[in-house]
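A.B. asks: Residue numbers (my numbering), protein chains in the order written: chain D, 16 to 376; chain V, 16 to 376.
Note that these hints are calculated values from the structure, not bench results. If you're wondering where the values come from, they're calculated on a predicted model, not measured in any experiment. Ideal placement from N, C-alpha and C gives every residue a C-beta, glycine not left out. Hints should not be assumed to be uniformly reliable.
In silico DSSO-like pairs for lysine-lysine, Cα to Cα no more than 30 Å straight-line [unchecked claim]:
hint, chain 1, residue 1, chain 2, residue 2
1, D, Lys286, V, Lys311
2, V, Lys290, D, Lys119
3, V, Lys112, D, Lys311
4, V, Lys286, D, Lys332
5, D, Lys208, D, Lys220
6, D, Lys112, V, Lys311
7, D, Lys67, D, Lys119
8, V, Lys109, V, Lys332
9, V, Lys67, V, Lys349
10, D, Lys286, V, Lys332
11, V, Lys290, D, Lys311
12, V, Lys85, V, Lys119
13, D, Lys232, V, Lys332
14, D, Lys311, V, Lys109
15, D, Lys85, V, Lys119
16, V, Lys220, D, Lys332
17, V, Lys201, V, Lys67
If you want a taste of the chain D side facing chain V, the calculated C-beta under 7 Å gives, among others [as the list claims (entries may be wrong)]:
hint, residue
18, Ser60
19, Trp125
20, Glu146
21, Trp165
22, Thr167
23, Ile180
24, Phe192
25, Lys213
26, Leu240
27, Ser242
28, His246
29, Lys250
30, Ile257
31, Ser313
32, Trp317
33, Val325
Protein chains: 2
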Amino acid sequence: MVNRYSYQILDEFLIRVFTKIGCPFEDAKIISEVLLVSELRGISSHGLARVKTYLGLWEAGRITLNNEVKVIHETPSTATIDSGNGYGMIGAKKAMKLAIEKAKTAGTGWVSVNNSNHFGIAGYYAMMALEENMIGITTTNASPLVAPTWSTSKFLGTNPIAMAIPAGKNPAFVADFATTPIAQGKLALIERKGENCKLGYVQDKIGNPTTDPTILKQGGAIVPLGSDYEHGSHKGYCLGAIVDILSSVLGGANFGPFTPPQVAFLPLLEKSTGKGIGHFFGAMRIDAFRPAEDFKNSMDEWIDTFRNAVPAEGHEKVLIPGDPEREFTEIYMKEGIPILPDVEIELLEVAKKYNVKTFLE
Amino acid sequence: MVNRYSYQILDEFLIRVFTKIGCPFEDAKIISEVLLVSELRGISSHGLARVKTYLGLWEAGRITLNNEVKVIHETPSTATIDSGNGYGMIGAKKAMKLAIEKAKTAGTGWVSVNNSNHFGIAGYYAMMALEENMIGITTTNASPLVAPTWSTSKFLGTNPIAMAIPAGKNPAFVADFATTPIAQGKLALIERKGENCKLGYVQDKIGNPTTDPTILKQGGAIVPLGSDYEHGSHKGYCLGAIVDILSSVLGGANFGPFTPPQVAFLPLLEKSTGKGIGHFFGAMRIDAFRPAEDFKNSMDEWIDTFRNAVPAEGHEKVLIPGDPEREFTEIYMKEGIPILPDVEIELLEVAKKYNVKTFLE
Chain D
16 MVNRYSYQIL
26 DEFLIRVFTK
36 IGCPFEDAKI
46 ISEVLLVSEL
56 RGISSHGLAR
66 VKTYLGLWEA
76 GRITLNNEVK
86 VIHETPSTAT
96 IDSGNGYGMI
106 GAKKAMKLAI
116 EKAKTAGTGW
126 VSVNNSNHFG
136 IAGYYAMMAL
146 EENMIGITTT
156 NASPLVAPTW
166 STSKFLGTNP
176 IAMAIPAGKN
186 PAFVADFATT
196 PIAQGKLALI
206 ERKGENCKLG
216 YVQDKIGNPT
226 TDPTILKQGG
236 AIVPLGSDYE
246 HGSHKGYCLG
256 AIVDILSSVL
266 GGANFGPFTP
276 PQVAFLPLLE
286 KSTGKGIGHF
296 FGAMRIDAFR
306 PAEDFKNSMD
316 EWIDTFRNAV
326 PAEGHEKVLI
336 PGDPEREFTE
346 IYMKEGIPIL
356 PDVEIELLEV
366 AKKYNVKTFL
376 E
Chain V
16 MVNRYSYQIL
26 DEFLIRVFTK
36 IGCPFEDAKI
46 ISEVLLVSEL
56 RGISSHGLAR
66 VKTYLGLWEA
76 GRITLNNEVK
86 VIHETPSTAT
96 IDSGNGYGMI
106 GAKKAMKLAI
116 EKAKTAGTGW
126 VSVNNSNHFG
136 IAGYYAMMAL
146 EENMIGITTT
156 NASPLVAPTW
166 STSKFLGTNP
176 IAMAIPAGKN
186 PAFVADFATT
196 PIAQGKLALI
206 ERKGENCKLG
216 YVQDKIGNPT
226 TDPTILKQGG
236 AIVPLGSDYE
246 HGSHKGYCLG
256 AIVDILSSVL
266 GGANFGPFTP
276 PQVAFLPLLE
286 KSTGKGIGHF
296 FGAMRIDAFR
306 PAEDFKNSMD
316 EWIDTFRNAV
326 PAEGHEKVLI
336 PGDPEREFTE
346 IYMKEGIPIL
356 PDVEIELLEV
366 AKKYNVKTFL
376 E
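Given the sequences, and given the hints that come with them, work out the whole structure.
C.D. replies: This is the structure:
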């Protein structure tokens, strides 16, 4: 039995929680919005299931409330932002806004962020560009769980890439994906079910393929997209590395293995190579390359063409990136956002602990 | 028995060939340089083996010599270039130079190119940014051989991404990879040997996995990086699609299935959705984000860290993207560039046909 609640009810609840710990209303609103947009897009691993973890980081003194978000370096089309160790969403949203502002005059805008924390789904920020007739790009580094090809060292996160591309009559193209065969959340789900995972997701502590989803606790690692060298995992390693470098080295955040843990139960690392975790944001005006109408017509034709690709046997249709998430959003806005029972219990415990009204009342 | 020839001897030969058909000396020099840098990097599929094909395109009237390369749209950080249907390298090198020039004043520069043809290796252009203390990015679309996940329609090329990132004392990070598990050239090699390929490279005409490397001739397709949906091929499809859109829709080139064939024996397509094939180039000044020395120190630390990752059992070391290609270059500059016997025969036939001095004399 899964209960459903409206966006508005959950939004009001999350704002109550985050203002209660001391977030300014505007910041709480941003945190809530990013978490709930993730739920609306069917990515529940980055939604309400994170609330307790987010609060745990603050309880452990690892998050600064009322964080100052400062531009510390800039050129006409670029900037670097110090996010003041706040919840990731707050600096991230300001960074993407700045990228968009820069694009208005320079054609494109590119902002790197350091001293940040987990920022939710990358796609949220990339999609901010759409209403401005811009292409949006977002990457972030993340806690290291992934081993480079031919290595056993967990040096990279599942490092996502998000790209949102506007169209005309069609809904936008929105890709948002980890640079690994499987996201950590899905692996945890397989573990909870007591099942084995497929070969090609993880490796053991000496680098051999295994189907044991608990292997990360025994020195194992997630492998890069491609799964093994013969199927191009070195390309997935390149992608994860590029995301890491753009998100950290470029703007002065911690890179790869030094990315601070985003859960309070893991100790902070002794060595740091920068500040906090890092993100990278880009906005490109489509009319910086050709008239916007021409771009949109061509993008519509692209989408129509790919939507009409011949399905493989056993499949009904070919998807455009963003299709499944948009379908979730439509259903959940109408019928409410479903919350898994254990997440619901967690949220009710949070309400009690912080003495705020629940979403049931 | 494989013969080796010096870069200079081969360069002089290629310049003789391309000036003989009517290329201006400067253009012939660029074509030769990109082909030979590809050989030096060990990517012989994009080097001398392409000469006959390139000439075939000109013989078929599909390439314009003395092509005009025109900027048709621009903003402070962007431009779109019409490459005048020339050999791809000519417009591509000018486009990357323009991206670098824009970055000098705007912080970053981004140039899309339409009306182009095959441009050799993407990495060549991305690496042009390195000597300017910039990060270089290059993508191109290509003849459609790859089916989106859950489809049998060959709608995408092997669409490469190249990214070159400068370091300090360490050699630069240079990634240059197709967004598929295997490049077409390697598949052709397996076919020539009469062997089967691994599962996870190609699918048959109804979309089932197969080990038959000849399957592309029977309605089959290469699959995206990730190999199948359960191992993330939808992420590889996203990557291939992003490369296609940035390289074509953004600047007005033909997209996906309408990308014109880059071999003369295939007929031109009836429908077009833009001009020629397209590329996309980016240059980002590292000091547009933080002081260049800080970036370089951090990048050196990144490279040292990853180079010292623990190797998996059976492996001696973990590679940094660009390592293997740099090793090839060092050897080939010293010992000469090895040419496969059938490629050597092809080049000698070219010399005879166009009545130019060979590389043997």
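A.B. asks: All hints are to be evaluated individually against the structure, with a verdict given for each.
C.D. replies: Now the hints, each set against the structure:
Restraint check for Lys286/D and Lys311/V: satisfied, since their Cα atoms lie roughly 19 Å apart, inside the 30 Å limit. Pair hint Lys290/V plus Lys119/D holds up; C-alpha atoms about 27 Å apart against a cutoff of 30 Å. At roughly 28 Å between alpha-carbon atoms, Lys112/V and Lys311/D fall within 30 Å of each other, so this suggested pair holds. With a C-alpha separation of about 24 Å, the suggested pairing of Lys286/V with Lys332/D holds against the 30 Å cut-off.
Note on Lys208/D and Lys220/D: the hinted pairing holds, with a Cα-Cα distance of about 23 Å set against a maximum of 30 Å. Proximity of Lys112/D to Lys311/V is assessed by CA-CA distance (about 28 Å); at most 30 Å being required, the pair is judged to hold. Pair hint Lys67/D plus Lys119/D does not hold up; C-alpha atoms about 38 Å apart against a cutoff of 30 Å. Annotation: proposed proximity of Lys109/V to Lys332/V is violated, straight-line Cα distance about 38 Å (limit 30 Å).
Distance hint between Lys67/V and Lys349/V is fulfilled; the C-alpha atoms sit about 26 Å from each other, no more than 30 Å. A C-alpha spacing of about 24 Å is found between Lys286/D and Lys332/V, which places the hinted pair at or below 30 Å, so the restraint holds. A distance of roughly 16 Å separates the Cα atoms of Lys290/V and Lys311/D; the hinted pair therefore holds under the 30 Å criterion. At roughly 20 Å between alpha-carbon atoms, Lys85/V and Lys119/V fall within 30 Å of each other, so this suggested pair holds.
Between Lys232/D and Lys332/V the CA atoms are separated by roughly 24 Å; this keeps the pair inside 30 Å, and the hint holds. Taken as a hint, the Lys311/D and Lys109/V pair is honoured in the structure, with Cα atoms around 27 Å apart against an allowance of 30 Å. The hinted pair formed by Lys85/D and Lys119/V meets the criterion: a straight-line CA distance of about 24 Å does not exceed 30 Å. Restraint check: the Cα-Cα separation between Lys220/V and Lys332/D comes to about 16 Å, which is no more than 30 Å; the hinted pair holds.
Only pairs whose Cα atoms come within 30 Å are accepted, and Lys201/V paired with Lys67/V is accepted, the gap being roughly 19 Å. Residue-level restraint check for Ser60/D is violated (minimum Cβ-Cβ distance to chain V is 16 Å; threshold 7 Å). The closest approach between the C-beta of Trp125/D and any C-beta of chain V is roughly 6 Å, which is under the 7 Å cut-off, so the hint is satisfied. The interface hint given for Glu146/D is broken, as the beta carbon of that residue sits about 19 Å from the closest beta carbon of chain V, more than 7 Å.
Hint status for Trp165/D: holds, given a least beta-carbon distance of 4 Å to chain V, under 7 Å. Look at Thr167/D: its Cβ gets to within about 5 Å of chain V, closer than 7 Å, so that hint holds up. Residue-level restraint check for Ile180/D holds (minimum Cβ-Cβ distance to chain V is 6 Å; threshold 7 Å). At its closest, the beta carbon of Phe192/D sits 4 Å from a beta carbon of chain V; the interface hint therefore holds under the 7 Å criterion.
The interface hint given for Lys213/D holds, since its Cβ lies 6 Å from the closest Cβ of chain V, which is under the 7 Å cut-off. Against a cut-off of 7 Å between C-beta atoms, the interface hint on Leu240/D holds, since the closest Cβ of chain V lies about 5 Å away. At a threshold of 7 Å, the smallest CB-CB gap from Ser242/D to chain V is about 5 Å, leaving the interface hint in force. Nearest Cβ of chain V to the Cβ of His246/D: about 5 Å, under the 7 Å cut. The hint holds.
Against a cut-off of 7 Å between C-beta atoms, the interface hint on Lys250/D holds, since the closest Cβ of chain V lies about 4 Å away. About 5 Å separates the beta-carbon of Ile257/D from the nearest beta-carbon of chain V, less than 7 Å, and the hint is met. Contact between Ser313/D and chain V, as hinted, is supported at the beta carbon level, the nearest pair being about 5 Å apart and thus within 7 Å. For Trp317/D, the shortest C-beta to C-beta distance to chain V is roughly 5 Å, which falls under 7 Å, so the interface hint holds.
Interface hint at Val325/D: satisfied, since its Cβ lies 5 Å from the closest Cβ of chain V, which is below the 7 Å cut-off.
Consistency note: the structure conflicts with the earlier hints numbered 7, 8, 18, 20.
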